[in-house]
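Between the sequences and the hints, there should be enough to build the whole structure, so can you do that?
Chains A and B, in that order, are what the protein sequence lines are.
For what it's worth, my numbering labels the leading residue of the first sequence as 12, then goes sequentially.
For what it's worth, my numbering labels the leading residue of the second sequence as 12, then goes sequentially.
Keep in mind the hints are simulated off the structure, nothing from the lab.
Careful: at least some of the hints might be erroneous.
Simulated restraints on C-beta separations [as the list claims (entries may be wrong)]: (1) B:Ser380 - A:Gly378: 13 to 23 angstroms; (2) B:Tyr424 - A:Lys211: 36 to 46 angstroms; (3) B:Arg214 - A:Asn495: 54 to 64 angstroms; (4) B:Ser380 - A:Leu358: 39 to 49 angstroms; (5) B:Arg557 - A:Gly378: 30 to 40 angstroms; (6) A:Gly514 - B:Leu260: 51 to 61 angstroms.
Quick reminder that beta carbons are idealized off the backbone N, C-alpha and C, glycines included.
There are 2 protein chains.
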Amino acid sequence: MIVGGVAAGASAAVRARRLSEVADIVLLERGEHVSFANCGLPYHIGGEISKHDDLLVVTPDYLRQTFNIDVRTGNEAVSIDRDRKLLTIHDYVGDRIYQESYDKLVLCQGAAPVTPPLPGIDHPRLFTLRNIPDMDTIKAIVDAGARRAVVIGANYIGLEMVEALSRRGMHIDLVEMQRQLMPSLDAEMARELECHLEDKGIRLHLDTIAESFTDGAGGIRVALNNGEKLEADMALLAIGVRPETDMALNAGLETGISGGLRVDRHMRTSDPDIYAAGDMVEVSHTVTGEPSLIPLAGPANRQGRIVANHVMGRDSTYGSTQGTSILKVFEMTAACTGASEKLLKKLNIPYRKIYLHPYGHASYYPGTSQMHMKLLYGPGLGKVLGAQIVGRDGVDKRIDILATAIRGDITVYDMRELELAYAPPYGSARDPVNYAGFVAANDLRGDVEFWYAEDYPGKTAGGLLLDVRTKKEFRAWHIEGAVNVPLHEIRSRLDEIRGLQQGRPLFLYCLVGIRSYLAYRILRLHGFEHLSTLAGGKKTFRSVHR
Amino acid sequence: MIVGGVAAGASAAVRARRLSEVADIVLLERGEHVSFANCGLPYHIGGEISKHDDLLVVTPDYLRQTFNIDVRTGNEAVSIDRDRKLLTIHDYVGDRIYQESYDKLVLCQGAAPVTPPLPGIDHPRLFTLRNIPDMDTIKAIVDAGARRAVVIGANYIGLEMVEALSRRGMHIDLVEMQRQLMPSLDAEMARELECHLEDKGIRLHLDTIAESFTDGAGGIRVALNNGEKLEADMALLAIGVRPETDMALNAGLETGISGGLRVDRHMRTSDPDIYAAGDMVEVSHTVTGEPSLIPLAGPANRQGRIVANHVMGRDSTYGSTQGTSILKVFEMTAACTGASEKLLKKLNIPYRKIYLHPYGHASYYPGTSQMHMKLLYGPGLGKVLGAQIVGRDGVDKRIDILATAIRGDITVYDMRELELAYAPPYGSARDPVNYAGFVAANDLRGDVEFWYAEDYPGKTAGGLLLDVRTKKEFRAWHIEGAVNVPLHEIRSRLDEIRGLQQGRPLFLYCLVGIRSYLAYRILRLHGFEHLSTLAGGKKTFRSVHR
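Set out below in structure tokens:
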């Protein structure tokens with residue numbers, strides 16, 4: 012008996028059937044649709060996916076015919092009697108309550124959008140987006156000519172909906188409680204996305220809370236905590252999800268500190284006859300080992316499969332979740348895997364970090380641009396702890412290589428030697444991932460020392476800032492107080508630099524960190540001390556100090 | 012003293028400088044250019060890279076000014092006196108022969124296009140493409156209005172040039188000695204590329220040898236071994252490269268069985284004061300362990316760096332080369348990593364294989380298509396031995412993930428659990444790489460048994476071919492003698508199938524292998540024996556049997 016027919020539930024059902032032709036497999040789904048493309052919902056509203064039914068990847072009839080599964084849509088499980096192994100079910104279609112017994116129960120109830128008890132939270136023009144009916148409702152409003160929307164929450168769904176509604180010609184106000192977009196990224200990595208959204212005409216309200224929803228001229232008025240009132244045709248609440256554990260909790264099943272249902276490595280809850288999988292369960296974080304809630308489609312699918320294996324008597328275990336995720340918003344891509352710097356800090360896990368800005372492919376071949384890449388790694392053996400990339404071309408590829416590196420215990424030293432496919436349209440002889448390995452290994456070996464944008468102005472105040480870019484670049488912008496000695500003049504101006512330094516720390520920088528590294532090597536080999544080079548150069552600096 | 016200033020040589024020079032400000036570093040380059048974008052040459056001829064000087068990534072002056080390197084272009088090393096540690100150099104600029112002593116000599120002489128002693132091999136309209144002057148010569152002919160070209164050799168450079176010349180409006184005859192394009196792929200994987208080239212109007216002459224070159228109406232006449240004579244404005248010879256080891260051999264340095272210069276793990280030749288790096292050296296193959304010649308830009312760059320490290324007293328070693336490579340030709344991409352099936356066969360290395368055809372990203376999101384993927388893995392632990400992918404979107408990403416998996420000792424079992432970035436524009440909840448892991452693990456676990464396209468018609472003759480696609484698909488095409496039972500009818504027609512089978516082997520197939528796998532599971536769980544399912548389905552079958 013499987014409760015919930017989307018990612019984990021449908022995976023569990025079909026896998027179970029592939030392992031047994033005699034099992035009675037019942038799939039309960041309170042909605043009308045099973046295994047629909049929930050990640051595709053914003054794209055139908057935006058118009059990229061024009062056909063509504065393209066999102067119905069698998070239909071109940073297909074599961075019945077091909078997999079001999081007893082699919083019951085419009086049927087919601089409401090309570091579990093664990094002693095008698097009975098499930099009470101509300102059948103909305105037949106308008107009745109009934110009971111079914113189970114040998115093994117599999118809970119795949121997912122996570123629901125968070126809706127805090129704010130004034131007007133039930134306003135008819137305030138929506139959340141979780142399923143096909145939600146999508147249809149929102150799309151109908153847009154199709155009817157809606158002009159303005161307020162999107163609350165700047166994480167994956169919120170930002171995908173910003174793009175979708177903007178594509179439909181709407182004016183968007185984006186409200187986010189935190190000081191940054193995309194909380195899975197570190198703040199400085201989200202900056203480029205913020206600029207990109209502004210360039211696309213999206214009005215950002217960061218560090219801002221939506222406090223109430225009332226009737227307005229266009230349909231809804233959203234009041235912000237800074238006093239501003241936003242008039243719109245509709246508002247979307249996308250501030251996060253919480254696991255749907257109510258029925259499990261009522262049945263006395265245990266949850267973990269994250270709020271997700273606790274399961275063992277076979278995805279069994281505290282009741283050995285009840286399994287759970289997907290967004291409602293607590294997982295172990297691959298990098299930190301902490302119990303975590305990481306709602307993602309890929310892990311949900313794999314967990315559903317593992318549940319079916321174990322139910323059918325196979326030894327099958329789920330390892331951990333590392334939080335690999337990706338967002339497309341307009342022309343940009345943002346992706347991450349593993350732990351963020353803020354997470355490592357919070358858990359007091361020692362780390363080192365670098366920033367770099369490599370091109371997606373050979374810079375002389377058209378169609379590429381510099382990506383913003385951050386790599387976090389352990390100070391000892393150079394274990395990869397996390398990566399974040401924001402850019403245009405080639406972002407998804409590099410995050411997947413790094414996600415694979417984390418699983419393969421590939422260190423930053425090994426990253427230098429990865430043999431990746433190179434031709435000018437796809438990469439560089441030294442791929443961004445190799446390059447990150449070189450920089451990180453140089454750091455760990457002590458061949459270079461970094462200073463970071465956040466060291467300015469505090470830590471840099473007692474030293475000399477040395478800008479090694481060209482005179483032209485220096486004239487256009489430089490850090491206040493910096494002295495300009497272009498890289499190719501360094502060797503001939505060593506005495507002058509020594510005179511300027513006067514024993515103080517020397518803080519080198521350039522545009523992305525390559526020239527300042529070369530300057531660092533020259534100066535150090537000529538006996539200079541107290542040297543460091545700005546990680547990520549001006550490009551990262553400007554993401555921190557705007 | 013470094014001989015050769017392109018990939019390995021230039022990398023060695025700049026790395027050496029980063030480690031020492033006192034070393035005298037001399038870079039000898041017989042040509043005019045150092046560290047140019049040799050992989051970009053076809054794209055300037057084709058017009059994608061419009062500016063000639065974009066290919067001059069690094070200039071001699073830049074190396075002089077920024078790295079204090081004594082760059083001597085137009086200077087060719089001609090002989091080595093190992094006892095006296097003297098290099099004899101021909102200075103074409105100063106028109107003189109002179110000698111220089113060295114403490115450490117680094118040979119980075121690369122590999123030259125193979126030019127067999129055929130009649131007319133020196134014909135003025137027969138070209139090879141290795142450097143900027145070669146490119147300029149060919150481009151001048153094209154710019155002057157050349158209409159027809161014969162390209163001989165269908166490997167990377169040959170195919171990139173086919174696209175380049177075709178983009179310029181030329182008619183192309185492509186002549187290849189082997190029965191397939193791209194010898195690094197297995198033959199069946201090259202088929203889609205062959206169709207694509209034909210669709211683009213390229214005339215293919217496979218299994219054909221160019222025998223002589225004489226004057227012709229347009230400029231050159233190429234005679235083929237089948238008697239045909241091709242008239243063209245120009246011909247390009249791109250049948251492979253051979254390491255430039257003449258000087259090294261004359262100096263008594265050892266070569267390996269591959270013909271490349273033999274080096275130790277520090278890239279030292281048989282003379283401890285002479286190093287070598289790049290396309291002229293023999294490497295160990297990552298998967299097979301065999302001494303091999305694998306000319307690639309990425310490994311060349313890394314080897315140059317390792318040489319510099321070791322010369323400067325650091326312990327630095329090169330591991331092996333796995334042959335990760337990639338080709339763009341028109342709208343298609345072909346890529347591979349590790350060993351091919353024919354290489355594994357030749358070396359008697361046990362392997363298993365699967366074929367699959369997953370989409371580059373979620374099929375309901377626009378802009379994707381099915382790729383053709385072949386995975387080779389060890390029969391025991393499921394070690395990944397090699398992968399080949401031919402398709403359109405997402406090919407480069409998957410080959411890089413698999414290349415990383417090979418380095419990280421990630422097995423096909425682990426591949427199932429890789430957590431890759433999923434949103435509809437980038438992938439699927441079950442990524443092609445995960446999916447390949449599921450299929451291969453099913454194979455190793457005995458949950459499925461495959462038959463292969465090459466088993467037809469020999470091995471399949473004694474059995475029953477069962478086509479589980481729809482009646483409509485069956486009517487359009489099917490394997491001769493096959494019986495059609497659509498997947499969803501299997502359960503209701505078990506007795507009928509048993510009657511047809513009469514104890515014979517049952518060979519299932521469908522379009523790509525998914526439905527026939529499901530049919531396999533149903534039949535097996537219902538007690539059927541002697542079952543197997545066609546790996547890769549009709550799509551792979553049609554690549555073998557056209």
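Now the hints, each set against the structure:
1. B:Ser380 - A:Gly378: 13 to 23 angstroms: 19 angstroms, holds
2. B:Tyr424 - A:Lys211: 36 to 46 angstroms: For B:Tyr424 and A:Lys211 the Cβ distance comes to about 44 angstroms; the hint holds.
3. B:Arg214 - A:Asn495: 54 to 64 angstroms: Taking Cβ atoms as reference, B:Arg214 and A:Asn495 lie about 59 angstroms apart, which means the hint holds.
4. B:Ser380 - A:Leu358: 39 to 49 angstroms: 43 angstroms, holds
5. B:Arg557 - A:Gly378: 30 to 40 angstroms: Given range 30 to 40 angstroms: holds, Cβ gap about 34 angstroms.
6. A:Gly514 - B:Leu260: 51 to 61 angstroms: 56 angstroms, holds
Violated hints are absent here; each numbered hint is respected by the structure.
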